[in-house]
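Letter by letter, the chains look like this.
Number of protein chains: 2
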Amino acid sequence: MKAEIIAVGTELLLGQIVNTNARYLSQGLAALGIDVFFQTVVGDNTARIRQSIDTARSRADLLLFTGGLGPTMDDLTKDVLADYLGRGMVVHEPTLRTIEEMHLSRGSAMVESNRRMANLIEGSAPLENTVGSAVGCAILQDGTRYVLLPGPPMEMTAMFEGAATRWLMAELGEGEPLHSRILRFAGIGESRLEKELMDLIESQSDPTIAPYAKEGEVAIRLSSKSADEAAALERIENTAELIRARVGAHLYAEEDISLEEAVLRQLRVRRMRVSVAESCTGGLLAELITGVPGSSGEFLGGIVTYTNTMKNKLLGIPMEQLEGAGAPGAVSESTAALMARRIAETTGSDWGVSITGVAGPGTSEGKPVGLVHIGVARKGGEADVFTLNTGGSRDMIRIRAAKLALYRLWLKLADC
Amino acid sequence: MKAEIIAVGTELLLGQIVNTNARYLSQGLAALGIDVFFQTVVGDNTARIRQSIDTARSRADLLLFTGGLGPTMDDLTKDVLADYLGRGMVVHEPTLRTIEEMHLSRGSAMVESNRRMANLIEGSAPLENTVGSAVGCAILQDGTRYVLLPGPPMEMTAMFEGAATRWLMAELGEGEPLHSRILRFAGIGESRLEKELMDLIESQSDPTIAPYAKEGEVAIRLSSKSADEAAALERIENTAELIRARVGAHLYAEEDISLEEAVLRQLRVRRMRVSVAESCTGGLLAELITGVPGSSGEFLGGIVTYTNTMKNKLLGIPMEQLEGAGAPGAVSESTAALMARRIAETTGSDWGVSITGVAGPGTSEGKPVGLVHIGVARKGGEADVFTLNTGGSRDMIRIRAAKLALYRLWLKLADC
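Protein chains in written order, with the working numbering: chain H, 1 to 416; chain P, 1001 to 1416.
Among the clues, some could well be false.
The calculated DSBU-like cross-link candidates involving lysine-lysine, where the alpha carbons are at most 30 Å apart (straight line), are [stated by the list, open to error]: (1) P:1412 x P:1367; (2) P:1412 x H:313; (3) P:1313 x H:379; (4) P:1313 x P:1225.
Derived by calculation from the structure, the hints in this document are not laboratory data.
Required output: the full structure, derived from the provided sequences and hints.
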């Protein structure tokens, strides 16, 4: 079954809200084994909604609408589709009674427009709304299936997971559900990863291998459609094994978690804690780590030293290390090592991670933009230093440096 | 001009990511006075991308694509459109040189696929990518305009605000050039701002008043189409004056700069420097400030203290202030004040800014999620403390807190 998701609402076209419904339904349909080939957004306008239905019918056999089921004049979806299908409108009595009772219990007068939410396209199956008032509809006509869901995400998700999924499963009969697994990689770029796996990607059809870029990271989704779950999972595992054999060193998770979350989990298991000292990333590394809820158990603190004086004052890096004739300078392997050791000592963390480099736009100490040194030190031990030479904008250099620091710490943790 | 936004990417159809690009571009086009009638999402598939172009051409005269400009085999947008338009592909030499130089400086081998990012549809205008590698294209053929932008949001927004807006303005300007001014606001939400200006927004047609949300901030674009530049600018100034009279206290810039950049400029003029101490924002404030190129002149450093012990160790906050019976606690006005004063003292900055609060998901010290205290202290002086009570996700609370801290510092600076 080929589906198209049609979100109806001028607020989407004005950019007032983000179309999170389309994302949710895409995932939900994929889980039912239904392919989504298009998502469309159209405003609250009769002619253009009709046009969307025409277009969608020509390329899909399931049209899922969200939005436009409410009480106001702007809510057109049911009326337009009924008219399009040459059907009348009937009242869904249970919904009407619920709306009436709600008004009675609130002691509020029922406006005529509230009744519209109980309307049902003639001949359609009602989809119960367990969260709000407007009833949904599902109908099959001339080989095309139409499912109408409300726009507010809480109502939409409840109706999709409940009545709509039951209706779709019945329509699908013995459909083939989709099974999939996410592999997440760090320390490798999207093109490098794809090159390493090129022949697999090109030759593989079951499971499909889909690489995609996350911010500063790369992920791969392996998907297989089958009624036989065990067989599908085995095919996925076999392909995952081929991928592991080639780029396993970069594979940090086989579920959809960020690198910082993977690092925090490693720390948690080992009852270890980390602190960070940043120069060119200016707080980004600390911000990524603390973006994970519950990170305060494993993250103690961070120091952002944006000048040499601060590196000296807050981290105790000797000035003769940083400045003067023959000094290695702030952007150097030895400064990265010192920063990593000093932040671990100062905070009493098990691990200290440091980043010092040139994020641009200008060079620094005669060193090129994109040169970054990363230090990883275990408390009381020496620091390992890794060097990154990268291109791109200031933002790209910063995110790559922060992610590489996390990756290097992750490797260390996996090893201890 | 009627626009359709076409986002290309199977990851969108699988629900792996949310189409935030469509929202951003809808707002950006509205600000340029361009109506968006449809948004479409299509996968990485030649036939279906062609079909989308066909459909969109029949109902819009500007097609804005995002995604599919990258180096991999999945990145099809340029090739499909070139083929659709019956045009060849040429190499954009400046982009190719940049890519080559990037690989040279990194010492990494250039993969053949990287060259694809320098491809340009024959006869199109190149759109410079200031953040990533892939060049964008803009072209007019048979009355339809096509603009190709990259998919990664950072690259896409930079290209849209830069080269694409310039190209669109020139296209729009045939006959009547568009004049516009950006007003940027802080310390006020989008709905509040819109409510304050509702009657102006509804009654005004020249200039148009288009509010749009930036990350944690709000902006308004005033636009007027006219061959008479002086008259248009006068109308814009008159409307700006009406807006200033109502919400002038929140207006931090009349050009498109971020709040952190406005703060850094204020500091620069006064030859002053700032340091920050963060708890719940975990480095975000430092990261925002250091995201501005050249910030090292005015930003000395930051300390992220994510536990009470660290607040004590790194900032010298007494433990009896933080813990124990009757202690104000880490999330308190007095701790915010102390943190601001201590970071200014420790670093020798003219200003110290602090943030301590509850970003969630759980409460802390029995204090509710969304409660944040912000301290702003002048060196040697007392700290002023401001309190935020906000809702939303962990990320929203963090960005609002960081932006409010910047706004409070900006007000102090404007006053001294």
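Q: Would you mind confirming whether the straight-line C-alpha gap from residue 1313 of chain P to residue 1225 of chain P stays at or under 30 Å?
A: 59 Å, violated
Q) Does residue 1412 of chain P pair with residue 313 of chain H here, judged by a C-alpha cut-off of 30 Å? A) Distance ~27 Å between residue 1412 of chain P and residue 313 of chain H Cα, so the pair holds.
Q) Given the hint that residue 1313 of chain P pairs with residue 379 of chain H, does the C-alpha gap stay at or below 30 Å? A) At roughly 17 Å apart (the allowed maximum being 30 Å), residue 379 of chain H and residue 1313 of chain P satisfy the hint.
Q: Verify the proposed pairing of residue 1412 of chain P with residue 1367 of chain P, using a straight-line Cα cut of 30 Å.
A: 28 Å, holds
Comparing the model with each numbered hint stated earlier shows that hint 4 is the single one that does not hold.
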